[in-house]
Amino acid sequence: MSAHQGAKLAEQFRQSGKRARRGTFLLVLPLLAFLMATFIFPIGAMLNRSVEDPTVATLLPRTAAALRSWNGKGRPPFSAYSALADDLKRANLEGTIGKVATRMNFERAGMRSLLIKTARVAHTFELPYAQAFNAVDLQWSEPELWGALRHASASTTAGYYASALDYSRTADGKWHQRAEEDQIYVTLFIRTLWVAGVVTGLCFLLGYPLAYFIAHLDERSRNLVLILVLLPFWTSLLVRTTAWIALLQTNGVVNDTLAAFGGERLDLIHNMTGTLIAMTHILLPFMVLPAYSVMLSVPPALTRAAISLGASPWTAFWRVYFPMTLPGAAAGGLLVFILALGYYITPALVGGRTGQLISNMIEFHMKTSLNWGLAAALGGILLGGVVVLYILYARVVGLNRLRLG
Amino acid sequence: MGRTTAIIIAAAAAVVILAGVLLFMLGRGTEKDVNQMDDELSELTLPAADGASPAESTAAAPATGDSLVVVSWGGAYTKSQIEAYHKPFEAKTGVKINSVDYNGGIAEIKVQVEAKNVTWDVVDMELADAQLACDEGLLEKIDAGTLPAAPDGTPALQDFVPNGITPCAVTTILFSHIVAFDTTKFETKKPSKLADFFNVKDFPGKRGMRKKSPKINLELALRADGVAGDKVYETLSTKAGVDRAFKKLDTIKDSVVWWEAGAQPPQLLADGEVTMTTGYNGRIFDAQVVEGKPFEIIWDGQLQELDVLGIVKGSGKVDAALQFIAFATDTQRLADQAKWIAYGPARKSSLPLVGKHFAKDIDMKPYMPNAPQNSTNAIQIDFLWWADHQEELNQRWAAWLAK
Numbered sequence: 001m002s003a004h005q006g007a008k009l010a011e012q013f014r015q016s017g018k019r020a021r022r023g024t025f026l027l028v029l030p031l032l033a034f035l036m037a038t039f040i041f042p043i044g045a046m047l048n049r050s051v052e053d054p055t056v057a058t059l060l061p062r063t064a065a066a067l068r069s070w071n072g073k074g075r076p077p078f079s080a081y082s083a084l085a086d087d088l089k090r091a092n093l094e095g096t097i098g099k100v101a102t103r104m105n106f107e108r109a110g111m112r113s114l115l116i117k118t119a120r121v122a123h124t125f126e127l128p129y130a131q132a133f134n135a136v137d138l139q140w141s142e143p144e145l146w147g148a149l150r151h152a153s154a155s156t157t158a159g160y161y162a163s164a165l166d167y168s169r170t171a172d173g174k175w176h177q178r179a180e181e182d183q184i185y186v187t188l189f190i191r192t193l194w195v196a197g198v199v200t201g202l203c204f205l206l207g208y209p210l211a212y213f214i215a216h217l218d219e220r221s222r223n224l225v226l227i228l229v230l231l232p233f234w235t236s237l238l239v240r241t242t243a244w245i246a247l248l249q250t251n252g253v254v255n256d257t258l259a260a261f262g263g264e265r266l267d268l269i270h271n272m273t274g275t276l277i278a279m280t281h282i283l284l285p286f287m288v289l290p291a292y293s294v295m296l297s298v299p300p301a302l303t304r305a306a307i308s309l310g311a312s313p314w315t316a317f318w319r320v321y322f323p324m325t326l327p328g329a330a331a332g333g334l335l336v337f338i339l340a341l342g343y344y345i346t347p348a349l350v351g352g353r354t355g356q357l358i359s360n361m362i363e364f365h366m367k368t369s370l371n372w373g374l375a376a377a378l379g380g381i382l383l384g385g386v387v388v389l390y391i392l393y394a395r396v397v398g399l400n401r402l403r404l405g
Numbered sequence: 406m407g408r409t410t411a412i413i414i415a416a417a418a419a420v421v422i423l424a425g426v427l428l429f430m431l432g433r434g435t436e437k438d439v440n441q442m443d444d445e446l447s448e449l450t451l452p453a454a455d456g457a458s459p460a461e462s463t464a465a466a467p468a469t470g471d472s473l474v475v476v477s478w479g480g481a482y483t484k485s486q487i488e489a490y491h492k493p494f495e496a497k498t499g500v501k502i503n504s505v506d507y508n509g510g511i512a513e514i515k516v517q518v519e520a521k522n523v524t525w526d527v528v529d530m531e532l533a534d535a536q537l538a539c540d541e542g543l544l545e546k547i548d549a550g551t552l553p554a555a556p557d558g559t560p561a562l563q564d565f566v567p568n569g570i571t572p573c574a575v576t577t578i579l580f581s582h583i584v585a586f587d588t589t590k591f592e593t594k595k596p597s598k599l600a601d602f603f604n605v606k607d608f609p610g611k612r613g614m615r616k617k618s619p620k621i622n623l624e625l626a627l628r629a630d631g632v633a634g635d636k637v638y639e640t641l642s643t644k645a646g647v648d649r650a651f652k653k654l655d656t657i658k659d660s661v662v663w664w665e666a667g668a669q670p671p672q673l674l675a676d677g678e679v680t681m682t683t684g685y686n687g688r689i690f691d692a693q694v695v696e697g698k699p700f701e702i703i704w705d706g707q708l709q710e711l712d713v714l715g716i717v718k719g720s721g722k723v724d725a726a727l728q729f730i731a732f733a734t735d736t737q738r739l740a741d742q743a744k745w746i747a748y749g750p751a752r753k754s755s756l757p758l759v760g761k762h763f764a765k766d767i768d769m770k771p772y773m774p775n776a777p778q779n780s781t782n783a784i785q786i787d788f789l790w791w792a793d794h795q796e797e798l799n800q801r802w803a804a805w806l807a808k
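Here the protein sequences come in this chain order: L and D.
At position 197 of the first sequence the residue is numbered 197 (our numbering), and the sequence of numbers has no breaks.
At position 257 of the second sequence the residue is numbered 662 (our numbering), and the sequence of numbers has no breaks.
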């Protein structure tokens with residue numbers, strides 16, 4: 001075969017390979033479209049909400065423009081008063097004042113009723129406007145209040161992220177930490193990381209020996225035990241969580257048994273202990289299954305070889321077997337850790353007061369307070385944290401060290 | 406193995422790049438949508454400002470065979486509404502009512518309205534939520550003039566309890582946050598007033614309290630600490646007042662079991678998890694009377710709250726929905742509902758018509774929160790005050806809980 005023909009053949013190979021790859025890519029397209037519509041797009045929209053909020057800029061446009069020229073120090077310019085009187089009049093007529101009021105109440109308590117009250121009489125305002133505002137409510141003489149309006153009138157804001165880190169700002173834009181009794185989110189982020197870490201550790205301590213045990217059973221009993229691991233996995237999350245309530249409550253099975261033996265009843269649920277126990281139980285299969293399937297792929301001959309070459313059983317396990325199963329345990333650990341970071345139903349049900357995690361606050365802001373910007377910022381920080389941890393993990397441990405089977 | 410991982414990473418990278426492009430497009434898209442929405446909103450609301458009812462401009466008259474989706478809280482409460490409102494309304498008008506359950510809050514309504522995909526017509530909600538939704542433009546305006554007068558001719562506006570009719574909502578029932586206790590746990594000395602709830606020394610045992618919000622808990626704390634009913638919100642408006650409420654709550658913080666759903670308080674009492682708990686009076690009534698549990702209600706210091714019906718903005722069946730609300734909140738229907746659940750009718754003219762429980766042979770009147778003997782030391786929760794202060798107090802509440 002000549003060199004020319006060879007090159008042609010290689011070219012043909014390349015072409016057909018390309019075609020085949022294009023075919024497989026087409027097969028993945030529906031999935032990609034699905035992910036776009038249900039995953040990427042909503043997450044993008046959420047992250048967008050955490051920094052963008054055009055409510056005030058679009059509904060009070062003249063005020064926003066007037067306040068932009070003010071540096072937040074001293075009194076706001078007179079043009080701001082007349083602009084706000086005008087905007088409020090219009091917002092009241094168009095029924096959009098409620099939206100502005102809700103948005104502004106996130107910045108400063110009491111702004112809701114203040115704005116609605118003022119908007120209702122704004123059409124009677126006459127020069128000098130500053131006095132007209134003060135006549136409605138003396139709060140209008142506080143620069144802090146105008147500062148809040150100024151911050152909110154920018155259509156992109158870092159305010160939600162600042163709130164999510166327990167910071168707020170003064171009229172002239174200086175950031176400061178919230179009063180101690182109002183600090184909450186940083187504590188909860190740290191607690192969430194701590195819980196995820198502890199749950200991962202507990203899952204490893206309980207799951208690794210179990211996986212080892214299952215992997216070394218004979219085939220028939222192995223399947224049986226595996227079903228026992230999977231059975232809770234197939235049971236509804238809610239059922240399993242409520243089952244823990246029945247077991248751990250003050251007059252539950254565990255405490256009744258303790259009391260029968262003369263022990264003292266313990267607070268096992270509606271606190272951090274309850275959250276840790278229930279979450280460890282629920283996430284355990286995510287540790288056992290990858291570890292188990294990796295253990296199955298380790299040839300038993302290797303440990304035997306190590307022992308026949310003079311290693312003690314412990315050395316054979318620790319230096320030959322364990323390193324080979326570590327990718328499975330690591331994959332399980334990563335799964336458990338990331339799932340634990342976002343857990344919220346279980347802590348909500350069994351966490352009581354002290355076992356709440358950051359996702360419970362996200363849910364609160366999504367469903368109850370409707371402060372979606374703050375919810376998005378909290379979610380964004382959580383997402384960013386996961387990505388950073390994942391990258392660190394990839395750097396330190398390496399992704400090729402992960403195996404699911 | 407390494408190759409598969411490489412492909413996975415490449416795919417992930419592709420998705421991330423695509424997401425970036427999409428985000429960019431999205432950022433432009435939302436800007437446009439918001440502007441559009443504002444234009445449409447002003448179009449919708451301007452005629453109303455001219456004096457025309459918004460209902461006329463948005464919906465056609467209901468025809469027979471039409472249907473309405475009515476959303477409520479489920480359980481015994483929805484059942485009371487089906488028996489008292491839905492069934493007679495269907496018989497009278499031929500409009501079919503589809504009952505849907507939800508868990509309160511206005512998030513779902515907001516999503517439907519913002520996505521312009523409204524599938525709910527009438528929603529049963531707490532007054533404070535209805536006010537919030539009304540401010541945000543998520544509910545249709547309701548003209549109080551369309552509501553029927555009382556049998557003796559009293560106009561609806563005077564017949565309803567205070568705040569019973571707001572621009573977007575009509576009240577159906579008045580429910581109450583009360584303290585209940587298990588009588589078997591206090592055989593020598595029974596608690597009798599709200600302050601006893603905070604007295605763990607003389608009345609030992611754990612306490613159940615609602616975790617969701619500072620609302621209720623701060624009021625109860627102040628009232629138990631001796632603040633008069635009409636001074637509660639004045640006190641809470643100052644930093645010192647809020648501190649005082651939290652200080653009172655601190656005294657029992659370690660003895661509290663926190664509950665989330667209304668079904669939990671009677672369950673906590675029955676399981677012996679707590680000896681006293683705050684709760685909704687209707688749920689405690691069910692446990693007391695229907696299930697025969699040895700519970701008792703302390704009406705002293707009760708906090709009354711209103712539950713209302715509202716129409717979701719853009720429902721497309723506004724006329725039928727209005728007709729339904731006018732029917733459901735007339736004197737007889739509200740009195741009928743009290744047969745099924747121990748919540749007080751929102752019309753004064755309904756109270757004398759309240760009869761016996763539908764299954765048990767007991768008069769329901771003594772169990773109504775607004776019965777005269779129960780409401781001597783009651784206050785109504787100030788929903789407007791909470792609309793202003795919920796953000797800052799929710800924050801402090803969450804922080805207090807977590808510590």
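For the record, the hints were derived by calculation from the structure and aren't laboratory data.
Where is the CB? At the ideal position from N, CA and C, for every residue including glycine.
One or more hints might be untrue.
Distance condition first, Cα-Cα at most 25 Å in a straight line; then the derived DSS-like pairs of lysine-lysine [unchecked claim]: (1) 598/D <-> 117/L; (2) 99/L <-> 515/D; (3) 644/D <-> 89/L; (4) 99/L <-> 808/D; (5) 367/L <-> 598/D; (6) 617/D <-> 598/D; (7) 808/D <-> 367/L; (8) 617/D <-> 117/L.
Computed spacing ranges between beta-carbons, pair by pair [unchecked claim]: (9) 206/L <-> 645/D: 48 to 56 Å; (10) 757/D <-> 257/L: 34 to 42 Å; (11) 504/D <-> 121/L: 51 to 59 Å; (12) 247/L <-> 782/D: 52 to 60 Å; (13) 257/L <-> 699/D: 24 to 32 Å; (14) 666/D <-> 177/L: 33 to 41 Å.
If the Cβ cut is set under 8 Å, some of the chain D residues that face chain L in the computed set are [stated by the list, open to error]: (15) 471; (16) 505; (17) 506; (18) 507; (19) 516; (20) 519; (21) 542; (22) 646; (23) 649; (24) 675; (25) 797.
Hint check:
no.: 1; hint: 598/D <-> 117/L; in the structure: violated (38 Å)
no.: 2; hint: 99/L <-> 515/D; in the structure: holds (12 Å)
no.: 3; hint: 644/D <-> 89/L; in the structure: violated (33 Å)
no.: 4; hint: 99/L <-> 808/D; in the structure: violated (33 Å)
no.: 5; hint: 367/L <-> 598/D; in the structure: violated (34 Å)
no.: 6; hint: 617/D <-> 598/D; in the structure: holds (24 Å)
no.: 7; hint: 808/D <-> 367/L; in the structure: holds (23 Å)
no.: 8; hint: 617/D <-> 117/L; in the structure: violated (29 Å)
no.: 9; hint: 206/L <-> 645/D: 48 to 56 Å; in the structure: holds (50 Å)
no.: 10; hint: 757/D <-> 257/L: 34 to 42 Å; in the structure: violated (55 Å)
no.: 11; hint: 504/D <-> 121/L: 51 to 59 Å; in the structure: violated (42 Å)
no.: 12; hint: 247/L <-> 782/D: 52 to 60 Å; in the structure: violated (41 Å)
no.: 13; hint: 257/L <-> 699/D: 24 to 32 Å; in the structure: holds (27 Å)
no.: 14; hint: 666/D <-> 177/L: 33 to 41 Å; in the structure: holds (35 Å)
no.: 15; hint: 471; in the structure: violated (28 Å)
no.: 16; hint: 505; in the structure: violated (17 Å)
no.: 17; hint: 506; in the structure: violated (15 Å)
no.: 18; hint: 507; in the structure: violated (11 Å)
no.: 19; hint: 516; in the structure: violated (10 Å)
no.: 20; hint: 519; in the structure: violated (10 Å)
no.: 21; hint: 542; in the structure: holds (6 Å)
no.: 22; hint: 646; in the structure: violated (14 Å)
no.: 23; hint: 649; in the structure: violated (13 Å)
no.: 24; hint: 675; in the structure: violated (10 Å)
no.: 25; hint: 797; in the structure: holds (4 Å)
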